[in-house]
Structures are given as C-alpha cells and as structure tokens.
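Residue numbers (the numbering used here), protein chains in the order written: chain A, 1 to 261; chain B, 1 to 320.
No wet-lab data here; the hints were simulated from the structure.
Keep in mind it's a predicted model, so treat the numbers as computed, not measured.
One thing to keep in mind: the hints can contain errors.
Said to hold, decoys possible - With the C-beta cut set under 7 Å, the calculated list includes, among others, these residues of chain A facing chain B:
hint : residue
1    : Met10
2    : Ala84
3    : Met86
Unchecked claim - To give an idea of the chain A side of the interface with chain B (calculated C-beta under 7 Å), a few residues:
hint : residue
4    : Ala82
5    : Tyr109
6    : Pro165
7    : Ala216
The beta carbon of each residue, even a glycine, is placed where N, CA and C say it ideally should be.
One-letter residues, chain by chain:
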Amino acid sequence: MVLGVGGFLMAFPFLWQMIMSLSTNAEVQSVVPHFWPAELQWDNYVEVFERLPFLSQLRTSVLITIIRTGAQIVLCTLAGYAFARMRFRGRGIALAVILSILMVPSQAYLISQYQIVQNLGWLNTLIGIVAPGLFSAFGTFLMRTAFLNMPAELEEAARLDGASPVRTFWSVMLPLARPSISVLAITSALWSWNELLWPLLVTTYQEQMPLSAGLATLVGNKSTDYPVVMAASMLAMAPILILFIVLQRRVVDGLAFSGLK
Amino acid sequence: MTTGSPGLRPVTFPAARAARGRGAGAEARARRRDGAWPWLFVLPLLTGVVLFYVWPIIQTFYFSFTEWGVFGGSSWTGIDNYVRLVQDPQLYLSLGNTLLYTGIVLLGVPIAVYLASLLNTPGLRFASFYRVLFFLPYIAMPTAIAMVWRIIFNGDFGILNYVLSFAGIDGPYWVSTAGFATVAVAIVGIWSSIGFSMIVLGAGLKNIPTEYYEASELDGASRWRQFRSITVPLLTPSIFFVVIITVIASFQMFDLLFAILGSQNPILPKSMSLVYFFYHAGFVTNERGYAASIAMIIFVIIGLVTLLQFRLQRRWVNVD
C-alpha cells in the first residue's frame, strides 16, 4: 500500500509530462488542470523537430555518448589491467595520482579545463565537449578492482604456455572482465547523456549543444510553448529510460557499485 | 570464483611452484617479460588524466590567487580573492541555501530506509517492478524532467497548488519566491535520489540474517518493533554511507537548480547553491580568479566530508 502510493508519486512526473506533451498550450495553462487532453496533440512531437534544433542536438548527444563510452572502455580497461596485474616502476605513484582525482569535486578543475579547451580552439566543437570525459579515474578504479578479483591461476597458466602479456590480457583476462566492462559502459553512457555543466560551458549556440544543455537553455525564452518543450523532454529522456528498462538488473547493480556518479 | 576461497591462494601457490622446482626464477623471468607493456597500457589514460585533471587542479589553485582582466591576462593578487570571499554575503547566502537543500534532501533517507525495508519483504509481489519505478527518476535526464516539475510547481496553473487548495492551503509561487524555490528544488532532489538510496540500503538489508526476524517473531515482536530494533541498528553502516553520498551530491547541486529556476530568474541571486555561485562568478560575470577561490572552498568542504567518511568507516570495520 505504502509502496503503491510511493510508486505512484515516483511515476507521476513522467505521466504528467506525457499528458502535457499531448495537450494544447491552453490546456497546460488552465487553472483547473486537465487530466486528459480533449484531443491528443501528436503534432507537438512533429513541432519539436521543426521549431527546435532537436536533430542536431540529438546527434551531438549520441556522438558524445558513443565516443566517451568507447574511449573509457578502451583506456580504463588497459590501465586497470596494468595496475592490477603487471608490475612496473612507478606503479604506486601513477595509481595514487589517478585515484586522488576521485575525491576532488569537478569545480576544482573546470575553470582550467575550460582554459585548455579554449586555447586549443575547441570551444563550440564536438571534441571540446568530449575531451575531458574520455579519461575516467572512476573507470580505472572500477576495472582495476575487477582484474584484482580474478584468479591468478589462469594468468599464470597462460604465461607458462608462453603467451605474451598482450595475448594473456586479450584472450584470457578480458573475456572474464565483461560484467565490469558493461557496468563501466552503463555509468559512462548515463553520465555522458545527462551531464549539463561542462557542455553548457563550452558551447554558445543551441545548434552545438547536446540535448541536456539545449533543454536547459530553452527555458529562458519568454514565448515558451509548454507542450512542445514537454514533447522534446520526453524524446530526450527516452533513449536512456528504454535502455534502462531493457537492462535493468545490470544498471541497478552497476550504479549501486559506482556510488556517486 | 571457481577456485574457492581467496584466502587459500597465498598458501597453495608458492607450494605448487616450489614443487615444480622453478620457484622465484620463473616469477622473475615472467616479470621481466612484461617489458614496456605496462607503460603502453597505462600511458594513454595517465596522460589524459594528468593533462585534463591533475594539471587543472594545480592551475585552479594558482588561479585562486590571481585576478583576471577584462581582455585576458591575469595578475597575482595574493589572498585578495579569499579576503573578498569571506566578506561576500553571497557566499553565506549560497552556503545557507546549500545547507537548507542538503537538510531537506536528507529527510529522504529515513523514507528510503522505510521503503527499502518494505521492498525487502520476502515474497512481495511486483518487487522488481517497484525497484524499476523508484529508480527511474535517478537516471532520467535532470534538465528534461525539470521541465515538467516547473509546470507542477507553477504558481498559477501548477497541479501542486491545485491539490494543496483542497487542503485549504493557498500555495506560493514556488519557482519565483526565494526560499520556496530552494524547497521546491529539494523536493525534486528527494524524488530523484530516493531510488538510488533504496538500492544501496537494499543491498545492506540482504546481509541481515532472517533468523533475527524469525526469532523476534516468536517473541511476539511487532513489525514496527522489528524495524526499530533489528533493521535500523544492523543497517547503520549502509545508512551512514547513503547519508555521506547524499551530502556530497547535495553540496554539488547545480543541474536541477539551473533547469527548474531558469538562468534568467530574478530570484537567482537569493537562491544560488554553492556550485551555482561558482558557475555564476566564473562563467557569467567572468571573474575566473574569484571563481577559483570558490572552487577551493567547495573542495575543502567536500574533502572534510570525505575524510569523515573514511574515519568512521574504519571504525566500523574494526568493530566487526
């Protein structure tokens, strides 16, 4: 019973957003709320594409999510493996440097990151939005933990059979790390898709922004057409929500592990 | 996982190796064979982290002692930024708003504990459905879902005030009245974080042996009594973890405030959070040096909270 009420309250904003996205502007703004539109206004969804730079923002969001997630999987898996399974001079220091970033709030490096991206002439470019997020201290930590927890026997056996370090990594250890890699992919995708502050800093024009920043800066406009904004928001959230419902167990476990981000 | 207890490994391994008669020699040869590979694996990431994170942190610390001219260029001004900061009423206003926000969002923790214990009831129907439902707000894009909250909170036609009117309450203009705006954002904060807290707490609940509940049931303990005397005390480490994470996340609140209030809202100066204050100084009025000093204050606050977490966590581990 309590769960039912709680669940309804959780779902209500999503339902309300859907209803509003199918209403007329007058219905949204009527003092006595309309709980169901007189006529479903599917045209609002068409207008999203006509009146807002929705397609270019969607393209940016998709690209930054794919690039960042791909880069993090490659870079963090390699580094995580080396830190967990290889011995080399300077390992302790290098690891300490990377892990120390985990405890630092992002404000402590944003100004300087902006400066770097500006100096490189990357403001208002895709690479500027993507750049810092290619490297993840959290992902390295995650993958290192994954490789640390693997049995040493397998690796030892591969070595005795004369496999090179690269081959040991690729054919023996990497397949075992698949669950952790999917956790990394999910956290990275979720964060890339939803992140607001960094894209907001490095982009100026609506056309170059990803959806998160595009929607946030839409609000300032006086002539807000609520139903169209609602429809755009629904479309912006949809890919991640669908992904979540498809992969739910993994996402929940992964994020519970990840803590903050 | 297939090899049994990890505690056995250090014992079995050297023994097996010694039996083969190779011992440390093979180990050393294997180590040498790694050669340059470790650095090839680590360098791409390490370079990026140093370039885009480590160096910027050092640089931001330096920036906090400088002032930036309108046309670029900066000059060393010592601790001027910090002196200005401690005298700036905006700092205390933002800190106050952030604390108010954090305080309200923390009220979500007991709710999450209660809901998580309900969700953990054995044999509950639709348990995974509820889990998904409560978790959805956590992964929804904050700026997108903020759009509907703006409508819900609207002073003229928002459904919240409509519902309140049945209770005889004349609802305020939530989003355009200072104070109420912070409360409104905090309500959304609770809504979006409760599912995550429930998952963490749920993992903790699974570690409580069911025998405790069975035994107390035989003694005739009520549901509420069980919740108070078994669930809450045994769940304390998880609850503490959730509280720390909530505090750290709340101190970094920006997205919801930006999206719900809108960047042109006239009450913004009175409703800023610490991070919004940082954003405003750094990227709206373009006082980068000043913003850097705000960043350092946030850094110190988050650092202290994290330190507290480590301290207390260690104590709990020792108690076990």
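Original post:
Against chain B, with CB atoms and a cut of 7 Å, does the hint on Ala84/A hold up?
Top reply: Check failed: Cβ of Ala84/A comes no nearer than 11 Å to chain B, outside 7 Å.
Subject >> Status of the Ala216/A interface restraint (C-beta, 7 Å, chain B) >> reply: holds (4 Å)
Original post:
Given Met10/A was flagged as interface, is its beta-carbon under 7 Å from a beta-carbon of chain B?
Top reply: holds (5 Å)
**OP:** Would you settle whether the hint for Met86/A is holds or violated, based on the nearest Cβ-Cβ distance to chain B being less than 7 Å?
**Re:** It holds, given that the least Cβ distance between Met86/A and chain B is near 4 Å, below 7 Å.
Original post:
Regarding the hint that Pro165/A lies at the interface with chain B, is the smallest CB-CB distance below 7 Å?
Top reply: holds (5 Å)
Original post:
Does Tyr109/A pass the interface check with chain B, least Cβ-Cβ distance below 7 Å?
Top reply: holds (4 Å)
Original post:
Does the CB of Ala82/A sit less than 7 Å away from some CB of chain B?
Top reply: holds (4 Å)
The earlier numbered hint that this structure contradicts is number 2, and it is the only one.
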